[in-house]
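All residue numbers for the sequence shown refer to my numbering, where the first residue is 1 and numbers rise by one.
Worth flagging that the hints you see were computed from the coordinates, not collected in a lab. Treat each hint with caution, since some may be false.
[Claimed, not checked] Distance condition first, Cα-Cα at most 30 Å in a straight line; then the derived DSS-like pairs of lysine-lysine: (1) 22 x 2; (2) 129 x 144; (3) 23 x 2; (4) 129 x 48; (5) 129 x 176.
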Amino acid sequence: MKLIASLTSPFARKVRIALLEKKIDCPLEETQPWALDTVVPQYNPLGKVPVLVLDDGSAIFDSRVIVEYLDTISPVSRLFPQDTRTLLGARRWEALADGICDAAAAVVVEKRRSHVQQSPEWIARQQGKVERGVAQLSADLGDKLWCNGDAYGIADIAVGVCLGYLDFRFPELAWKERHPNLAALQQKLEARPSFAETVPPVI
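Between the sequences and the hints, there should be enough to build the whole structure, so can you do that?
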């Protein structure tokens with residue numbers, strides 16, 4: 001199998017971290033989904049990355065589905081809890097973190113338009129989602145060591161990727177000063193080899 005992804009996509013980074021944590025060897029085919037010659041639409045009609053192409057040629061998307069699939073094919077470092085209640089909590093964490101990334105990415109795309117084409121109201125709406133979402137992450141984390149339960153898992157990966165993406169795209173947000181508990185969690189996560197090896201390139 002192979003992973004089709006952009007190195008700057010937070011959703012692709014989540015999958016790449018999962019591959020490293022699960023010790024699954026998977027070639028990476030780097031692409032930009034908006035490039036004219038991208039192969040992404042051949043595998044995902046929505047034109048989004050990441051896409052995991054299996055050995056039989058079938059494709060899995062989006063990142064949440066891919067990570068759950070990866071957790072089933074390797075017994076190493078289980079990322080999803082087994083009991084229903086804790087699993088629902090993990091999915092909620094992941095949904096919130098992914099939603100923050102979606103809103104942040106929407107701002108990035110909007111700001112690539114010419115100044116006269118940009119919608120300040122749209123940007124403000126998305127930024128509001130980001131700020132409220134981060135505040136909720138902080139409130140939910142409290143003084144816990146890990147996001148969901150007493151062990152590292154998919155919730156921590158999703159939140160760590162989300163916070164890293166905000167640093168990458170919105171350094172002016174200054175969320176660390178307002179949410180020191182999230183800053184401490186991020187520092188712990190970024191020290192893991194899987195996070196260190198997947199830091200997005202500066203472009």
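Structure-based check of each hint:
For the suggested pair residue 22 and residue 2, the alpha carbons sit about 15 Å apart, so the restraint of at most 30 Å is met. In summary, the hint linking residue 129 to residue 144 is supported, as the alpha carbons are separated by about 24 Å, within the 30 Å threshold. A C-alpha spacing of about 14 Å is found between residue 23 and residue 2, which places the hinted pair at or below 30 Å, so the restraint holds. Taken as a hint, the residue 129 and residue 48 pair is honoured in the structure, with Cα atoms around 21 Å apart against an allowance of 30 Å.
For a cut-off of 30 Å, the pair hint linking residue 129 to residue 176 stands: about 17 Å separates their Cα positions.
In the structure shown, no violation is registered for any of the earlier numbered hints.
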